[in-house]
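These protein sequence lines are chains A and B, in that order. Add 573 to the 1-based position in the first sequence for my numbering, that's all there is to it. Add 32 to the 1-based position in the second sequence for my numbering, that's all there is to it.
Simulated from the structure, these hints should not be mistaken for laboratory data. Among these hints, one or two may not hold up.
[Claimed, not checked] Per the computed footprint, the stretches of chain B lying under chain A, defined by three or more beta-carbons under 8 Å from a beta-carbon of chain A, are:
# : region
1 : 80-91
2 : 421-430
[Unchecked claim] Here are the simulated lysine-lysine pairs, DSSO-like style, with alpha carbons at most 27 Å apart:
#  : chain 1 : residue 1 : chain 2 : residue 2
3  : B       : K249      : B       : K434
4  : B       : K148      : B       : K344
5  : B       : K148      : A       : K632
6  : B       : K413      : A       : K650
7  : B       : K271      : A       : K748
8  : A       : K650      : A       : K791
9  : B       : K275      : A       : K632
10 : B       : K344      : A       : K748
Every residue, glycine too, gets a C-beta built ideally from N, C-alpha and C.
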Amino acid sequence: MKTPSTSPHRWRLTADTVPYVLLAPFVILFLVFGLFPLGFSLFLAFQSWEPSAGLNTMKFVGWENFAFALEDEWFWKSLRNTAWLALVSGVPQHLVSIPLACFIHNAFKRWRNAVIGAYFLPYITSTVAIAMMFSSLFSTDYGLINQGLMALQAWLPWGTPQAPTDWLGQAENIKPAIAFVVFWRYVGFNTVLYLAALQTIPKDLYEAATMDGANAWKQFFYITLPSLKPMIFFGITLTIIGGLQLFEEPFILTGGRGGTDQAGMTTAMYMYRTAFEFNDFGTASALSWLLFVVVALLTWITNRAFKPRGGGA
Amino acid sequence: MPLAPLPIGPQGLRALSAAIGLLISSLVQAENLTIAAYPAVDSIAKSAAAEWKKKHPGFELKIVSRSFPDHHTAMTTALSTSSNLPDVMVLEVGYVARFAENGGLQDLSQAPFNIKAQQALFVPYAFKQATARSGAVVAVPTDIGPGTLLYRTDLLKKAGITEAQLTSSWEGYVQSGAQIKAKTGAYLMPHARDMKDIIIRSNLQAGEGLYIDNKGKVLINTPRFERAFELARQVRAQKLDGKINAWTTEWTEGFKRGQIATQMSGAWLAGHMNNWIAPQTKGLWRAAQLPERSWASWGGSFYAIPKGSPNKALAWEFIQMMTLQADMQLQAFKTEDAFPALLEVHKDAFLDQPIEFLGGQKARLLWREAAQKTAAIDVHKLDPIAEEIVNTELDKVLDQGKDIRAALQDAQALLERRARR
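Okay, chain A solo, but in the shape it has when bound (with noise of 0.2 Å):
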């Protein structure tokens, strides 16, 4: 069917305009929700503001949110609490998401992706139900964790809780418990990573490998491991930065305050209650963009040990 022009001729896209009206729609998206809010973040970090009291009540104040911010001993121990969560939570996702990709990448034909799909499941579970399942599993007197712990006495006396343990309301076990609940959820993830740059390592070498008589654990430290080191630098890349920037899981576990002595208060956190709780959005702008310094410098620590050294590969 031939439908008459009704157009204009000026609206018409010519060679020349066709690449930025097709770039607008990101350009925009990008300038209205990525690069404005970075500026006003950076525009808030030398302000001081109390948000309700509207737009035009800011005051500039320099550096002080920074400094402010330096000598705050809560910022150095939500510091201390996000190190420590990201150590023990990443750390074991990667000691354990390797060897287990190379298992289910050996192991299951038929049954894989389902397999895998199990594995992957809590990374796409919501982060609210996930806080709110585990709170249960947590509770101290009603909890399965610590009901499975009790019926685990009576057959190991020795090295199990004589009482209920109270996970998520003593300083001392909040940080583990939110850490188990982060390696939980993201263990899955990075199997499927590695299942990914497993699939991409030839077949071939493995099978020269075996001509030449090495046996599987050989063959896992020669050729599986280093063949995965891009992978490794980018999934621990994604680690540090996930780690760094950890709020959901504590925010729902310790009911928004950090927990006890504020064991389980992340930097994330931090900045979140200093805004919307303190009513102090210079100072939460401040400790945001020094989280991000942080972060920038763990992240070109991890690029530097990562790279390949002598020789080149």
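Given the structure of chain A, go ahead and fit chain B onto it with the hints provided.
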């Protein structure tokens, strides 16, 4: 029925789009009065829709309902950017104070509102809570939470404790708790923090302020906090608390299973217990005044008009209907346990009626007395951070055995550092 393509041609389409355009423009023209609220004030406002329509046929009530924390985050954002402001915002008492000093809310003491002329009609402490330091009245109280002590008669009887022993003094309250724990195994209270929270609020002088006085002096390193910390420490040391936070599974289960013997709270908690927390414990609970005849309040809701509201006159009409009209206040009291801030309703026969959940006790009369005796506590914008500082130091005292004096000194120093900024 088999699906067939709609039998309309290009002309029909044009007509349809014109009709849709008309519909949209008429929707835009129909005036709305937007009320932003959280539960259960949202359902109270909704139930007023019929009455409102009778009075103002041209204006629809539009209730924007959000969960409690989301609501206040949304209101903070709306006020900070002066956009998407509702005509009327419902605010919980803690946020009234926070927003009051910042100038985003309409001062209702000025013409044409002149709320001060009606001050005597409201529960005094609630009205004062809505008054900023400058004298501006930024909100109107609608419901209040007079403090009460709910306790389990069966557990007390088993432990051989009378209500008088429980409530004569705070020290006696803790001693009774030890006996209850020994005889029944039940906790005296959910969390030792509750003990600190009530003591620091008891016996405040007018204008004293909770953490900071009106001259900006930090009040943490004082005998008031020392007593509060000491009593909380005793509660924890004798294992009289279950380290249970309110609104958690442990909390509701504790009530259901009779593992918590008493709870200090606003009067509204009896309604929540009856409706969903522990309906099966009906008849086992009683209400009493707080020990040492301390007076305190838990929560309370207010209506406010943001300065940027386009329909201030109508918003004011709505607020007057909800807060000054006795039948509306009484209805909210009956349906949602919203204890009225309007004094006229306190004379209603409904207050004399026995409460089944409390074993037929006429507890509303107790709560009325508490509402009249409670004094307003001056609020400071640093209160949220002060509370966090004090709670964190209390955690250290309770869990790590930190010395109380050292904890109070540290808390004082931390807050002073913030107050200097």
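Now for the hints, and whether the structure bears them out:
1. Given as covered by chain A, the region 80-91 of chain B fails the check, having 0 residues with a CB less than 8 Å from a CB of that chain where 3 are the minimum.
2. Requiring three or more residues with a Cβ within less than 8 Å of a Cβ of chain A, the coverage given for the region 421-430 of chain B holds, as 4 such residues are present.
3. Simply put, B/K249 and B/K434 have alpha-carbon atoms about 25 Å apart, close enough for the 27 Å limit, and the pair holds.
4. With a C-alpha separation of about 18 Å, the suggested pair B/K148 and B/K344 falls inside the 27 Å cut-off, and the hint holds.
5. About 34 Å separates the Cα atoms of B/K148 and A/K632, which puts this hinted pair outside 27 Å; it is violated.
6. Restraint check for B/K413 and A/K650: the C-alpha separation of about 24 Å stays at or below 27 Å, so the hint holds.
7. Taking the CA atoms of B/K271 and A/K748, the gap is about 24 Å. The hint holds against a cut of 27 Å.
8. Taken as a hint, the A/K650 and A/K791 pair is broken in the structure, with Cα atoms around 44 Å apart against an allowance of 27 Å.
9. Only pairs whose Cα atoms come within 27 Å are accepted, and B/K275 paired with A/K632 is rejected, the gap being roughly 42 Å.
10. Of the pairs offered as hints, the one joining B/K344 and A/K748 is violated, with about 50 Å between alpha carbons and a cut-off of 27 Å exceeded.
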